[in-house]
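Undergrad: Residue numbers (my numbering): -13 to 580.
The hints are simulated quantities; they were obtained by calculation from the structure and are not laboratory data. Glycine included, every Cβ here is placed at the ideal spot set by N, Cα and C. Any given hint might turn out to be false.
[As the list claims (entries may be wrong)] Just the calculated beta-carbon pair ranges, DEER-fashion:
no., residue 1, residue 2, range
1, Leu383, Glu209, 42 to 50 Å
2, Arg570, Leu406, 18 to 26 Å
3, Arg391, Arg570, 46 to 54 Å
[To be verified] Subject to a maximum C-alpha distance of 25 Å in a straight line, what follows is the list of computed DMTMM-like cross-link-like pairs (lysine to aspartate or glutamate):
no., residue 1, residue 2
4, Lys293, Asp320
5, Lys293, Asp88
6, Lys579, Asp564
7, Lys124, Glu114
8, Lys252, Asp220
9, Lys58, Asp74
10, Lys573, Glu532
11, Lys452, Glu539
12, Lys388, Glu366
13, Lys(-11), Glu188
14, Lys579, Asp545
15, Lys13, Asp45
16, Lys78, Asp88
17, Lys24, Asp45
18, Lys293, Asp282
19, Lys110, Glu53
20, Lys24, Glu53
21, Lys24, Asp47
22, Lys388, Glu345
23, Lys452, Glu532
24, Lys362, Glu380
25, Lys58, Asp47
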Amino acid sequence: MRKKPLILLVDDNPVNLRILVDNLQEKYALVVAKTGEKALEHAIVQRPDLILLDIVLPDMDGFAVCEQLQQKDATCSIPVIFISSMQDPEYKTRAFSVGGVDYVTKPFHQAEVVARVHTHLLLKGMRERLEEKNVLVKQELSENKRQLNTLMDNLPGIAYRSEVDAQRTMQFMSVGTYELTGFPHTHFTEGGMEPFISVVVEEDRAELTERLQAALAAQLRFEHVYRIQTEAGDSRWVREQAVGLYDDDGVPFAIEGFISDVTESKLQELGICEENRLLKSKMKAHYFGNIVGDSDPMQNIYEMILKAGATDDNVIVYGESGTGKELVSRAVHDNSSRFNRNYVPVNCGAIPEQLFESEFFGHKKGAFTGAVANRKGYLEQADDGTLFLDELGEISLIGQIKLLRAIEGGGFTPVGGTELVHARPRIVAATNRDLMELVQQGQMRSDFYYRIHVVPIYIPPLRERKEDIPLLIDHFLRVLPELDSRPQITTEVLNAFMAYDWPGNIREMQNALHQYLNLGTLTLGGERIITGSDRSGMQVLQEPLETAMSRFERQYIVDILKANDWHRSHTARTLQVDRRTLFRKMKQYDIDKD
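Please work from the sequences and hints to get the whole structure.
TA: What follows is the structure, given as structure tokens:
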């Protein structure tokens, strides 16, 4: 690379050459030629950055020299400044017509020549940099075009540009058209140009057109899923995503977008919808897995179980002791994507502080006395499954810190180990305590609380869903072992069960029922309601249990209605059910004041 720009001076006058050399040699490298032939030779060999050219030369005039320079690729881009004593405008005109960039008349001002040389060298440098940049831009455009063509040819779908019409007339479609529709892209863009709307399933055309036109009118991005019929006659689901192109007045003149095959995911979605429909119909029945109840509060619980199962977020189940928190937690697991992985229940209140790390993180053989083998902790056992933390509020602050780090992705190290272990269990916790109150009291870390408290499920106590008591009795009668002399569930027993508030909830009720069936006595809240002697000489109507419970429930509702002068709101409060449940029961049993 030259340190200084090279200038070719072409003049046969020694005086002129000396003046030019004296003024230019400090900043520029110079080469001198006194004839046209020598000037052409120097120009081809040395490729100067600029030429100062006299018109009158011994062998040919400067115009001829400039013309020959312009005809050669190697020299056509060299700027030529004519220096001449000819002041006739015709000479200047001819100088520019043969390719000169400037014209200086003799006698010239030295500063003017220096300034013009400097200016034209700057312009030449700018042109060269611009040309280099243009070359790079052309190369980049060519590469981008190549990449775009490669992308278009390999897209698993259709990139397109269409006109704004109801027939979806296509101006361009990628070659992926064939894989998706069975037709080549030219089927829609050349020849007869069959409109794309022809392959859209007829039942879906009106909605597709309506939604597309609405999106264009509002200048919004368009997205819609619909069906097409392939050349083979098969039906496929596709998702179209598009934007409109608008003129200065906001009028759309074209649409550009992408159409992809979503058949597999759509069929899966439809299958999930059908599965959800079946699950919801199942919820309306008396049972949801091992959970019993058809009251409105329980229907809400079933709905929350399904919603929690559809996500992978942590779940916290609140409820009084004996309400069935573990059953709900297990139902969340069974209705989630992790249903075929481990469900690991842990009673946090039964783990001593000194064994916390060993129980949750596991230990290596020889880590402590009694560690005779490697053991995986609860977190690793529940990897990709569900870790059920019962009595969550019993975990100490130190334990919360250790557990939080592990479930936030920081991993853990088994006791006696050196390698970091990562596990990804889903946390489903349960408690009968107010965790926010524990946070306010400083007994639970707020970051631990918010990590666990993502999807809360609140289980109502049995006293708030007493209409489920007959179903629960029926359920326990089915699962308890048969006894030859098992006493009957009489109206008196049902009345006692319905009147009691069950502070121990379902667990207390199950124990009371078990006691009655085995001993013939019924003790509720420390008060003996029925003794074994009460059974002697008792005449019992022989009928199915479900019929007896329904008969009792109807009569009990009627009795309470009468006691409240048929005031339904008062009756609902007495029964501790909401009005909708009462109205549903009245309709079910055909209960009317008249």
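Undergrad: Are the hints correct? Go through all of them and say.
TA: Hints and how they fare:
Roughly 49 Å separates the CB atoms of Leu383 and Glu209, a value that falls within the hinted 42 to 50 Å. Checked against the hint of 18 to 26 Å, the C-beta distance between Arg570 and Leu406 comes to roughly 56 Å, which is inconsistent with it. Remark: the range hint 46 to 54 Å for Arg391 to Arg570 is upheld by a beta-carbon distance near 49 Å. A threshold of 25 Å between alpha carbons decides the hint, and for Lys293 with Asp320 the separation of about 12 Å falls inside it, so the pair holds.
Our distance criterion of 25 Å between C-alpha atoms is broken by Lys293 and Asp88, whose separation comes to about 82 Å. A distance of roughly 19 Å separates the Cα atoms of Lys579 and Asp564; the hinted pair therefore holds under the 25 Å criterion. About 15 Å separates the Cα atoms of Lys124 and Glu114, which keeps this hinted pair within 25 Å; it holds. Of the pairs offered as hints, the one joining Lys252 and Asp220 holds, with about 15 Å between alpha carbons and a cut-off of 25 Å not exceeded.
With a CA separation close to 29 Å, the supplied pair Lys58 and Asp74 exceeds the 25 Å bound. The suggested pairing of Lys573 with Glu532 holds, with an alpha-carbon distance near 18 Å, which does not exceed 25 Å. This hinted pair checks out: Lys452 and Glu539 have alpha carbons roughly 11 Å apart, not beyond 25 Å. Under the criterion of a C-alpha separation no larger than 25 Å, the hint pairing Lys388 with Glu366 is consistent with the structure, at around 15 Å.
Between Lys(-11) and Glu188, the direct Cα distance comes to roughly 75 Å. Violation of the 25 Å bound is thereby established for this hinted pair. At most 25 Å may separate the alpha-carbon atoms for a hinted pair to count; Lys579 and Asp545 meet this at roughly 11 Å. Proposed proximity of Lys13 and Asp45 is contradicted: the alpha carbons are some 30 Å apart, above 25 Å. Between Lys78 and Asp88 the alpha-carbon distance is near 9 Å, which keeps this suggested pair within the 25 Å criterion.
Between the alpha carbons of Lys24 and Asp45 the distance comes to roughly 10 Å, so the proposed pair stays at or under 25 Å and holds. Distance hint between Lys293 and Asp282 is fulfilled; the C-alpha atoms sit about 17 Å from each other, no more than 25 Å. Pair hint Lys110 plus Glu53 holds up; C-alpha atoms about 19 Å apart against a cutoff of 25 Å. With a C-alpha separation of about 15 Å, the suggested pairing of Lys24 with Glu53 holds against the 25 Å cut-off.
Taken as a hint, the Lys24 and Asp47 pair is honoured in the structure, with Cα atoms around 13 Å apart against an allowance of 25 Å. For the hint pairing Lys388 with Glu345, the CA-to-CA distance comes to about 12 Å; that is within 25 Å, so the pair holds. With a CA separation close to 16 Å, the supplied pair Lys452 and Glu532 stays within the 25 Å bound. Proximity of Lys362 to Glu380 is assessed by CA-CA distance (about 22 Å); at most 25 Å being required, the pair is judged to hold.
A threshold of 25 Å between alpha carbons decides the hint, and for Lys58 with Asp47 the separation of about 18 Å falls inside it, so the pair holds.
When held up to the earlier numbered hints, the structure conflicts with 2, 5, 9, 13 and 15 and fits the remainder.
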